[in-house]
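Chains D and C supply the protein sequences, listed in that same order. Residue 48 in numbering that gives the first Met the number 0 sits at position 49 of the first sequence; the count goes up by one each step and never skips. Residue 0 in numbering that gives the first Met the number 0 sits at position 1 of the second sequence; the count goes up by one each step and never skips.
Treat the hints as calculated values from the structure; they're not laboratory data. Hints may be right or wrong, so weigh each one.
Just some of the chain C residues that point at chain D, by a computed CB distance under 7 Å [said to hold, decoys possible]: (1) I24; (2) S42; (3) I45; (4) E47; (5) G71; (6) N75.
Which chain D residues stay away from chain C? Per the calculated CB distances, all over 10 Å, these [claimed, not checked]: (7) W7; (8) Y31; (9) L44; (10) P53; (11) S66; (12) S68; (13) K93; (14) T98; (15) L110; (16) T119; (17) A123; (18) A127; (19) D128; (20) P129.
DSBU-like cross-link-like pairs, simulated, lysine-lysine; straight-line CA separation at most 30 Å [stated by the list, open to error]: (21) K85/C to K1/C; (22) K60/C to K93/D; (23) K1/C to K73/D; (24) K38/D to K11/C; (25) K93/D to K80/C; (26) K40/C to K93/D; (27) K60/C to K73/D; (28) K9/D to K1/C; (29) K68/C to K49/C; (30) K68/C to K93/D; (31) K49/C to K11/C; (32) K11/C to K40/C; (33) K73/D to K40/C; (34) K73/D to K80/C; (35) K85/C to K9/D; (36) K68/C to K73/D; (37) K68/C to K85/C; (38) K85/C to K93/D; (39) K1/C to K40/C; (40) K9/D to K11/C.
Note that the coordinates shown come from a computational prediction; the quantities given were computed from them, not determined experimentally. Just so it is clear, CB atoms sit at the ideal spot from N, CA and C, and this is done for glycine as well.
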Amino acid sequence: MNKTNLPWVKNADLSWSRSGETFALSIDTTVYSLDAVLKTCYLFLDECYLFVEPNMEDSSQITVYFSPSNQINKLEEVIGEFSNRLLWQEVRQKVAAETQVIREVIVAQALAEGNILDQTITEADYNADPLRIAE
Amino acid sequence: MKFSGFRHLSGKRYCFVNINLNSSIYPIEHIQLIAEEFCNKLSLQIIEVKATAYTIELQAKGQDFETAKIAGSFLNRLLEKSITEKFE
Numbered sequence: 000m001n002k003t004n005l006p007w008v009k010n011a012d013l014s015w016s017r018s019g020e021t022f023a024l025s026i027d028t029t030v031y032s033l034d035a036v037l038k039t040c041y042l043f044l045d046e047c048y049l050f051v052e053p054n055m056e057d058s059s060q061i062t063v064y065f066s067p068s069n070q071i072n073k074l075e076e077v078i079g080e081f082s083n084r085l086l087w088q089e090v091r092q093k094v095a096a097e098t099q100v101i102r103e104v105i106v107a108q109a110l111a112e113g114n115i116l117d118q119t120i121t122e123a124d125y126n127a128d129p130l131r132i133a134e
Numbered sequence: 000m001k002f003s004g005f006r007h008l009s010g011k012r013y014c015f016v017n018i019n020l021n022s023s024i025y026p027i028e029h030i031q032l033i034a035e036e037f038c039n040k041l042s043l044q045i046i047e048v049k050a051t052a053y054t055i056e057l058q059a060k061g062q063d064f065e066t067a068k069i070a071g072s073f074l075n076r077l078l079e080k081s082i083t084e085k086f087e
């Protein structure tokens, strides 16, 4: 029986914590990438104990277990926030992939104008005229 | 993940936790590094190594009821190490 108000969360049968409850969140990797899951986990390391376990029988499923640590007040809120953050992370990665080319072009253009790779031109004595402007 | 324990004749209780870790998420190379950070708090043993997973056994030094919390901290630190290495 699910003890949270989050229907997508299950009670875990791990005897992970004697005092608190442990919850399991099954994540479909066809919807959320493993990178997004791990990056989201990283954000919550200070909130609770996390354990990530791929499903051996179904490779498209990853389970994240949540257990309360000292700092936590309410695990349900943390898992709800985790779920939202996971969605945010996945969208962020998709947008980053979509805009990767244009971002690289903008950065390349900015660096090219700065002449940071060839400073002999920008740092040269005007009498030397390395660009032959005066000719 | 499995907890087990027994009570010694002296009355002291010993508690162990066996954890099955997937190598793709928790590389076995990180175990030693993180174990060194926790060497004052827990004893660690690698019990079984398979192609994609391995099993470790943890036991808290000192009071046994701390085993779950120390194991939780250990796993969080291990996950943090894996993620920072993967995305640095």
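Q. Among the hints numbered above, which are violated by the structure, and what are their numbers in rising order?
A. 2, 3, 4, 9, 10, 11, 12, 22, 24, 26, 30, 31 and 40
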